[in-house]
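Asks: Chains U and W, in that order, give the protein sequences.
Using my numbering, read the first sequence as starting at 3 and increasing by one per residue.
Using my numbering, read the second sequence as starting at 8 and increasing by one per residue.
To be clear, the hints were calculated from the coordinates, so they are not data collected in a lab.
Accuracy of the hints is not assured; some may be wrong.
Stated by the list, open to error - Straight-line distance between alpha carbons at most 35 Å, and here's what the computed DSBU-like set of lysine-lysine pairs gives:
#: 1; chain 1: W; residue 1: LYS143; chain 2: W; residue 2: LYS132
#: 2; chain 1: W; residue 1: LYS132; chain 2: U; residue 2: LYS145
#: 3; chain 1: W; residue 1: LYS48; chain 2: U; residue 2: LYS145
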Amino acid sequence: MVAEPPAGLSRELIAMRAARELEPGSVVNLGIGLPTLVAGFVEPSDGILFQAENGILGYAGVSESDFDSDLINAGGQPVDLVPGASFFDTAESFAMIRGGHIDAAVLGGLQVSARGDLANWYVPARGGGSVGGAMDLAVGARKLIVAMAHVTRDGEPRIVESCDYPLTAERCVDVIISDLAVIDVRVDGLVLRETAPGISAEQVAQWTAAPLLIPDVVPEMAL
Amino acid sequence: MPAQRFDSPDDAVADIRDGATILVGGFVSAGTPSNLIMALKRSGRRGLTAVANNIGLGDLLDELCEHRQLDRVIGTFAIRASGARTSRFETQYRAGEAALELVPQGTLIERLRAGGAGLGGVLTKTGLGTMMAEGKQVLELDGEQWLLERPLRGDAALLKAWRADTLGNLQYRLAGKNFNPVMATAADLVIVEVEEIVEAGGIPPEQVGTPAVYVDRIVQCEPMAVRWEG
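Working from the sequences, and respecting the hints, build out all of it.
Replies: Right, dumping it as C-alpha cells:
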C-alpha cells in the first residue's frame, strides 16, 4: 500500500505564502499557473511592480472588467494596470529579465534538486514541452521562488536528489514554497524553514527525496 | 519608399511562396495579425515554417494546420503541460507530421534582433546546462561560459500594429508591441495589419513604435478578437 501524502495548503494559500516572500517595492515576475495567483495577495501599499514578459511593467492582477485582447499578462489573462505602468517590446522585456533588473520571480515547478536545479518546462511523458520565458527568468531573476505541490498526483516527491526531468536551469532556485513547507536552498543544502499548519518536520522529510536539514526549531507558517 | 497600401489581406500575402519562413508577431491575443494569418490560410501555401511565440493558445496560427500548411514551428509555447486540450499543431507534431524547434523566449527575440540588426549571433547564459544547449557552441570568455545562439530571419513577417501612417510608420497599442517591432527588422518582406491608416504626420513622431524604413506593406483590417481560454 502506498502512503498518501498529508493534506497541506491549497493553491491559494501557497500563493499567499509566496506573496509574503516578496520585498516591498520590488519588481517581480510571476509564472503561468499557480504563481499568477500571487498578484492577488499583495497590497497596493507594498509598492510591488509586477512584470509580465509579454511587455508590461506594473499590472495589478487579473481584471474582471471587459476583455481587451491587447491587455493581457503572459498567461493570456486580462489584467488591470497600476498607476505608473509601462509597455515595451519583448527585447526590452528580456533585457530586464536577463540583465538582472527583476528582483524576484515566482515560477511553478515539476522538480527541484538538492542543489537548486529547476525542471519546469518539459513533462517527459508528454514530450514537446513549452518553455516560454522560464529559462531566461531562472537565469536572470535575482531571487527565484518556486511555488509547487510538494508531491506529484502519483505520490512522487518533486524535491529530489537530482532532477530526472529536463532542466530549466542549473543552481537557480533560492526558495521552495509548497503545500507542506518553506524550504531554502543554501550552499550547505536544503534547509527546512517553515512547515504548513498541521504538518510536522518529519512528514516534510518523508515526502522529500533529498537530504533535508532540519533546524532545532521550525516554526509553523503564519498565514 | 512609402509602404505599399493593400486593400485586402489576401492581396497583401498573395506572393508568399511555398516553403517560406514566416515571422508571425503577437503574444497569444495581443498584437496578433489574425487577418493576415487567415489570408495566408486561404492562400493555400504549403511547406511553411512559422516563427512565433505561441501556437495553439487561442491564436489563429493553429488554423494553418487544418490543411497541413505548416511543416515547422520555431517558438516558445506549443505543447500544453496538461493533455486536457490539444491543438491541431500538437496533434500533427505528435504524429511526426510537423516539426517543432522550441526556443526560450528571451533567446528567440535576441536571435531575431541579431537577424535584423546585422549581428552574427548572441551570447547568453539562458539554456546552459539544459537540452537547449545540445549541439550548440559554448564559449568561455574571461572565465564565464556563454551559449552561442545564431541569428534568425524570415522571408516574410506578418505583423499587427494599431495604426500606420501612409509612409509605413507604426504605432502600437497597450501590450500589442511584444514581438512585432523586432520582427519588423528581421524579414525580407514586412506585411502589417493595422486598425487604421492615417496621413504621414498623423502619428506623433515620438509615438512611432516601428519606423517606416522597415515596413513594406500595410493593410487596414477590422481586428479579429481571439482569446486564450486556458
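Asks: Hint by hint, note whether the structure agrees.
Replies: Against the structure, the hints:
Between LYS143 of chain W and LYS132 of chain W, the direct Cα distance comes to roughly 12 Å. Compliance with the 35 Å bound is thereby established for this hinted pair. A C-alpha spacing of about 16 Å is found between LYS132 of chain W and LYS145 of chain U, which places the hinted pair at or below 35 Å, so the restraint holds. For the proposed pair LYS48 of chain W and LYS145 of chain U, the alpha carbon gap of about 44 Å is over 35 Å, so the pair is violated.
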